[in-house]
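Visitor: Since each chain sits alone in its own frame, please combine them into the complex, following the hints.
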Amino acid sequence: MKSRWLAAALLVLLGMVVALQVRLETRLTVFFLGSDPAVEPLSRLQQSRFARRYLLLIEPVRSGAAVAGFARRLRVRLARVEGVVRVWSLSDPPPAMLDLLRRQAEHAEVLYSLEPEREAPVLFDIERLPERAERLRRTLLSPLAAGLQPVVRRDPLLLTLHAFEDWRDRFRPPRNAGFEVLVIEAEPEAFAIERQRALQRRLQAVFTAADADGYRLTLTGVPIFAVRAQARIQKDVTRVTLASTLGVLAVFLGLFRTLRSLVAVAVVLAFSVAGGALATQWLFGYVHGLTLALGSTLVGVCIDYPIHVLAHCAGHHRPETVVRRLWPALALGGGTTLIGYLALGASGYPGFQQVAVFAAVGILAALLATRYVLPAFVTGCPLHRPRLRPLAAWLAFARRHRRRLRWLALVTLTVAAALWPRLKWLDDLEKLAAIDPDLKLQDRRVRARLGGIEPGRAVWIEAPDLETALQRAEAATLRLRRLKVKGALDHFQPLYPWYVSRQLQARNWQQYRAHVTPGFVKAWRQALRDAGLAVLPLSRLPTAGPPWLTASDPRVMEILAGQVQILEDRANLVIWLGRHDPAAVRAAVADLDGVRYLSQRDRVNRLARRYRHRAALALVAGSVVIWGVLAWRYRSVLAGLQVLTPALLGGATIVAGFAVSGFPLSFFHLLAALLAIAICVDYAIFYRERRGGDPDATYRAMGASMLTTVTAFAALGLATQPVLQALSLAVTCGVVSGYLWCPVLVVPVSEPTES
Amino acid sequence: MVKRSGWTECRRWLWLWLWLCGAPAWAGDPLTELVLDRPYQFRYQETRRLALLTEPWHGSGFLLADPDGTLVKLQLLPERLVLVATPDALLYYRPADGERRCLPLPSSLPQVQGIVLLQRLLRGDLEAVRRDFLLKTDETKAGWRLVLTPKGTDVPFRRVILGTKNGDRYLEIQEANGDRSRTTLILDEYGDHLKVRIARLYRQARGE
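These protein sequences, in sequence, are chains A and B.
My numbering puts the first residue of the first sequence at 89, with every later residue one more than the last.
My numbering puts the first residue of the second sequence at 147, with every later residue one more than the last.
With the rest of the complex left out, here is chain B (with noise of 0.2 Å):
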């Protein structure tokens, strides 16, 4: 049986946050182009089937993204949960029963390793990124898909798939012990109006 490493849920989102980020300008080479130019706010549909669930689970919500780097993941269903992730911290909030939880980024755990690559992503540093994984692109009628291959073993995810079809985004995790998830953004909104929201929703987190 192959271990499962913790993070899959951070690191599935940091890949959403990756995808988002080169969203808005995909038209020319996805990797030079991951900026985004102002804050921006989707829906979202999140399935997982993980090997210890009979059934696949299913969540939604409102994810919402900005330049600086910050990007919040709103869950409504099946419960509440706000999750932030600035540069240097990833929180989490469950107002069911109050629970917080903080942890520094980028960390030394080898869980977030998917994190400092996109870290690399956003600052530019292509070559560390083709260091360590394979990068294809593919283009079809339907639209385009970008698949990240880790070279080495040490990483806990098998393949990462970026990419647009028939219009609609997804993002698609293939983690090593074989768990997977798909999430398909809509847009919802985006403009300067976001910064309040993603702002109160930090506060929210924090606890502030």
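Chain A on its own, in the form it takes in the complex (with noise of 0.2 Å):
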């Protein structure tokens, strides 16, 4: 009785640490990509100021039909929600562009060109100022320069304008296709999810109020993403660990017909996940939720070793000594569990890392549990056998047939292994992150629409301090505009002439000075005076300096929002894409020194291909180590394999399945034919042993652990993820493919006769 209670006070304070303790974790990027350093960077930069961005795309239900006005009266209305700092629209250029402009115009003869010796020849060629003055003069009278009249009286050579070729694109407005791109920004972090959930109702809200009839709406953006994610994947934990206890409870209940039983079994499980949360969170400094889903499936594992103790008390054995008798076997069945779980985590996939972390935790706590506290919650506990007539059917025709069923076993060996070569592989991680498919095609109808910058694809600089990445990102520059000649690359978005390097501007100013003579300025004053411009104020060509280019005004972040990152040994520059060919991309930079083209698609997918070898690898290796404890365990080689085959056997069966079938197979198979095996391990170990006494007690306790583990991972199909169903799929396979091999490969210690 004492025990009971001092048990229960202590579940009562792990229960209060981990709902003080425990962080939920829902991006799914933290469980696909963790934090690898090489997708990490770029990330970050794109979550920093542009995940704050919603983009509004605004359509006439009827082609043709008016919708600046519209968007007008929805910007003015949007932009006085809380939580929204401010609204702008795409087609529309930001208003301090044109005060930048004009402030670059300052710095005109320092930044003027990418290379000023092979261009300063041609830009301060006397021949040729007859034509710059007519330019000039044009400029004056285009009814379009927008606040260029200050950057002519500073700047009359239109140096300034020549700086910014790169950047014409963004100075003309796209042309008028009839809809309008709003762009919202937030003021919340894109993933501080209850504050982007309440306010995209209030945008929702404006939205319906706007009276927006004849117009669709479509609104996309990393917060959206970051909702519906966080949503679905709360949705899948519910719902999952609801089936899954329940079922288990309802199994359980079914077998053993007595509520008591039900507490004992369910204060080893309340210990075994309180302890997995636990741990995790005190490693990772949070839970995944993913991580919690797959984990509920703990529930169907661990409450395998309460089941064998409630097996073999049922035929009157007093507790204690049913779990003494048993813990041999509950450990290294255990044990082997285990070991699947850690290989699991060693396949490198941060996800997994977590999973088997909160796993191992959780079977070690579930063991204990089980040898030290389940008696006193079972002493004096009416319980009764579980009945399973079908499983008690196959296990008489398994002995009567083992022979024929051995030879079975082999040819499904066989077959298994001539069917691997014709396995389909997926390593596309984008499928199995299972991203909201309507989610992803608004968004894909909002940025066709936009047509610019390829989202997670760019050129990505990286340099000991800021002045080395500025003239790195100088030389990218200078391939990605023979790039663009070429047609291999739309357009870009680099930091010249916003961010200019020492070295070029000394260049600039060194050129400049060589070229703007007094013989210049007197070709310049005439060629003025020729097409009809007034000399005095447009002659004044400065000579004193240079007029270096140093503080960056902070408006030029807006611009360049996401682009730059300094840290304090380190500096990186992005130059993001326009559409483009990656190969000609990636071979332009390839050569240059901290420059590399970077995708991130790609570079995710490559670490799905990487994850699939380790995954095979983590298979191979947790099975060695398995059969290689088994065989310590039984001091021969040949036994220890021989408890391992039906385990190998389930494996192969998911395997042959998903070869046959032709569905395409990833690394979360893999792992999960491991885990399979590991679980599966351990029937075979009860079956060996039958350390209980009662060779029936032992089948049935072994048929309602596969019982509830199977329910625990066909729950887990009930998850939207591609990624758990894969798992379920492919552990409830094996798992009873596993059991039922057990009897026919299977040599008990001691052979029970046939009668």
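Everything labelled a hint here was simulated from the structure, so no lab data went into it.
Check the hints yourself; a few may be wrong.
Unchecked claim - On the chain A side, residues computed to face chain B include the following (Cβ under 8 Å):
1) L228
2) A354
3) L806
To be verified - Over the 12 Å line for every Cβ pair with chain A, so calculated as not near, a few chain B residues:
4) D183
5) L222
6) L227
7) D243
8) Q320
9) L340
10) K341
As the list claims (entries may be wrong) - Selected chain B positions facing chain A (Cβ under 7 Å, derived; list incomplete):
11) L198
12) L199
13) E201
14) H204
Virtual Cβ for every residue (Gly too), placed ideally from N, Cα, C.
Guide: Next up, the structure:
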């Protein structure tokens, strides 16, 4: 009685710590990519400012209908919404841009060219001055020369405009194609889910109140995906946990028909889940929703240990005695399952590292609770023997036809081996991440209208300091310009001439001073006179200086959102790319020091392939380690192999099933096969050892265990995440198959008589 | 030196629009009757005096205005240019080099605040107009004139004058930096058939 209260108090305490400490994480990228150094920098930059922005596409339902008026009214309303920092139209050049252009004009002589040595002779060619003066006159009379007058007065040679050649597209608003795109910058971080959800509700209310009949509104952006993913994961966690727990408990009650034993088992499981969650939180600083969903299958695995005890106690043995007698087999079974989960973590896959920790600690906690807590709760409890007639019939059949069935096992193994090359592999993590297809479609529609920067693909520059980084970025920009001329790149967003390295500024100034001589100024004055332009205000060409471009205007960061990252020990720069030929861009920057082409998707998929190889290795290594442990336990390599064989056959069945059906196999399936092997080995161990002294009770306990495990993993199939579905299908099939092969392939320590 | 803001032409042009809208029904209160009843086409002569040009600049061509709020400026001399203003966008097309530009209207750019004023006038929101501008109407034997003077300093023009003199219509804009322009207009033709011409020039400006 005393130990029961002690256990209950400990459990309550654990529950409180879990409630207070555990932080639930729902970002899919964290589970799928973790903080891989190869992928993380670009993600971090993208998530900085970009991530907080929503894109709202406004299209008229009736083609050709005016949209600007409605967009304007909506924009005013949206700007008033709580949590919205600002709203602007993508077709509107940012007001700050023109001001900034004037500011850059103050430094025209040090930023006018990326290749001053090559371009200066042409730019400052005296023969071409009349042409330049005519251009200046045209600019002055141009009706759309917005904001250029101050630029002209400071920089009459229009060197600034030459420098901004790569940015012309930004100054040229897109053709009015009958739609509007509004950018809504939110105040909360993209992954501040609750605040973003509230904001999205408020935005939706504005759309509803805006009398949008006749217009189609499509909203996209990182926060939309984040909120939707969180909702889906939460739903998955709830559904799977509930179905798994209720299913397992229902199976349990159906088998043992006693509520008290249910309480006893629940105590063991509560220790297991709480222990797993706490260990994960302490090690990782958070518990991912998918880990919880996967972790809930632990219920099905860990319940095996108390079930074995209960099945043997039903024969009126004292629980203490039964637990002590079963303990070596339980510990061995738990140990082999643990090895499976640890191999899962060793695959290097970020999400599964967490699952491995969760499961390993959960299994240990369940074993210890079974050994030291369960007997106190089971003592005096009326227990019934579980009835599993179909399984008993199978046992009898297997014993009768063992030899033939062994041949069948051999054939199955051979067929599985033969089918291995026919397996189709799925290495696209995006498909496995199951991003909401509707949202993806919506996002694609909006971005197709923009035709602009491709998300997730960029030229990445890193250097120990900003000056070096800028020099590298300038070299990369030159290469990209050439690609643009060749047609391999639509457009790109360089940092030049917003940021210009000191080295390039010095080179520009040097060329400027060499060419802008008194003779040049005289010729320029003449050209101005000939073009009918005012000589005095337009011939003041700066010669004092150089007018260094130093501190950057904070408004520049608005334009270069997510392109500059200055850290203590290094500087990272990004050049965003429009539509492009990845191979051409990669080749163009390949030989530049500290510059590389980064495609998040390609990189992620390369990672997925790497994970697959590691998963295959984990499968083999995990099986070998389990075999080693079994061989050590039974002092015989062959005996170890015999106990392992039903589990291997279970794994082989999974592989053969996928090969025949033509479904693609991912590294998740391989890891699932490993998990199935680790779980199935337990059955073989129990079947071989029969430590309870009651062979029937052992097989009943195995059957009950198998049913609860299968129920738990089948419940995982209710999740919407393909990863969880894959695990569900593979483990369920593997476990059932492994269980059924046990009486065929494993020879018990003392074979019962046929009678 | 006073800084000159951009969009000079745009502002000048929209004042012209304002004036044109009022022209056919000027007999009453000009501010309350700024409504076109049918499309109009005018011949125009424009003279600009810019501080950065030694000589005045001259341009000429046609101006077309539609009651739906579309205004087209077809400049023929010194070179062909097409400018189209709809309530939603301002389009520019220079056939010599094929350059096309488009700016949504109204923009948040301070340089197009003249258009915002125009929209207020066309909406009949006189209260808002009077909030930002002083309005003065003069009548002489030679004709009449309406003078709009901004109350604030953030508007890039100093004064806009719309009027008639000896039967000629004119529009004068004085910029804050001292640049000035004067456009005179002569009614050429009017009628619904002009809609086709306006639509054709609009398509040309959009590059369709």
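Visitor: Against each hint, give a clear statement of whether it holds in the structure.
Guide: Against the structure, the hints:
no.	hint	verdict
1	L228	holds, 6 Å
2	A354	violated, 63 Å
3	L806	violated, 49 Å
4	D183	holds, 22 Å
5	L222	holds, 15 Å
6	L227	violated, 8 Å
7	D243	violated, 10 Å
8	Q320	holds, 16 Å
9	L340	holds, 21 Å
10	K341	holds, 16 Å
11	L198	holds, 5 Å
12	L199	holds, 6 Å
13	E201	holds, 5 Å
14	H204	violated, 11 Å
Against the hints set out earlier in the document, violations occur for numbers 2, 3, 6, 7, 14.
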